[in-house]
Amino acid sequence: MTGADTQNLDLLRSSLKLCPNFPKKGITFIDVFGAFANPKAHRALIDLILSRLKKLGTTIDAVVGLEARGFIFGPQIALELQVPFVPVRKLGKLPGKVAKIDYDLEYGKDTMEIQTQVLKPGTKILLVDDLLATGGTLGAAQKLCVDLGCEVVETLVIIELLGLNGRAKLTDVNHFTTLLQFSEADLEEIATNSDRIHESNHA
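The opening position of the sequence shown corresponds to residue 24 in my numbering, with each subsequent residue numbered one higher.
The set of hints was computed from the structure by calculation and includes no laboratory data.
Be careful, since some hints might not be right.
Claimed, not checked - The list that follows gives simulated cross-link-like pairs (lysine-lysine, BS3-like), each with its CA atoms no further than 27 Å apart:
| no. | residue 1 | residue 2 |
| --- | --- | --- |
| 1 | LYS116 | LYS143 |
| 2 | LYS123 | LYS166 |
| 3 | LYS123 | LYS113 |
| 4 | LYS78 | LYS143 |
| 5 | LYS132 | LYS48 |
| 6 | LYS166 | LYS78 |
Starting from the given sequences, assemble the full structure and let the hints guide the process.
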């Protein structure tokens with residue numbers, strides 16, 4: 024990692040807003056929108072991704088982004104690379120000819136779709152999303168692209184939550200990049216410290 028990459032990573036990390044006990048007690052939500060609220064952090068994120076792709080040295084024909092936060096930075100990466108951006112959305116949200124895949128959630132099933140006009144067999148894809156948690160959604164998106172005859176040359180997320188074994192759901196972990204990782208212990212410590220501050224303020 025270059026000095027510029029290290030600086031960009033530190034800037035990105037400091038821009039994220041960690042929200043203990045949201046959306047409910049015991050959960051620490053990592054708000055990536057903090058990076059997009061800060062133009063310098065936003066630029067750092069894009070530069071980190073481009074730096075990673077440059078090191079890979081592989082051809083990318085299209086960027087595929089998952090609903091919804093993959094839509095925020097995915098098109099920017101596609102523009103920098105001068106390739107198409109293709110969205111993956113939930114069932115019934117995309118017009119035209121689509122391919123779909125069903126996948127398991129913690130309590131049930133869901134379906135995602137992708138438009139097929141751009142993605143021809145052999146298309147080399149960069150797949151992006153903001154977060155890898157349990158891996159069900161990202162793994163299904165990988166499979167959806169592969170089922171179309173495409174090659175997912177890299178899957179990239181901003182944040183990986185360790186301890187949830189999300190990588191086990193991915194079809195190819197050898198071509199997977201995460202910019203930042205948080206363990207359950209990290210998030211629990213943040214939530215505990217927040218509770219102490221809250222109690223102190225109301226003592």
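Consistency of the hints with the structure:
1. Taking the CA atoms of LYS116 and LYS143, the gap is near 21 Å; set against the 27 Å cutoff, the hint holds.
2. Distance check on the hinted pair: LYS123 and LYS166 sit about 10 Å apart at the alpha-carbon level, within 27 Å; holds.
3. The suggested pairing of LYS123 with LYS113 holds, with an alpha-carbon distance near 9 Å, which does not exceed 27 Å.
4. Between LYS78 and LYS143, the direct Cα distance comes to roughly 26 Å. Compliance with the 27 Å bound is thereby established for this hinted pair.
5. For the suggested pair LYS132 and LYS48, the alpha carbons sit about 25 Å apart, so the restraint of at most 27 Å is met.
6. This hinted pair checks out: LYS166 and LYS78 have alpha carbons roughly 25 Å apart, not beyond 27 Å.
The structure is consistent with each of the numbered hints, conforming to all of them.
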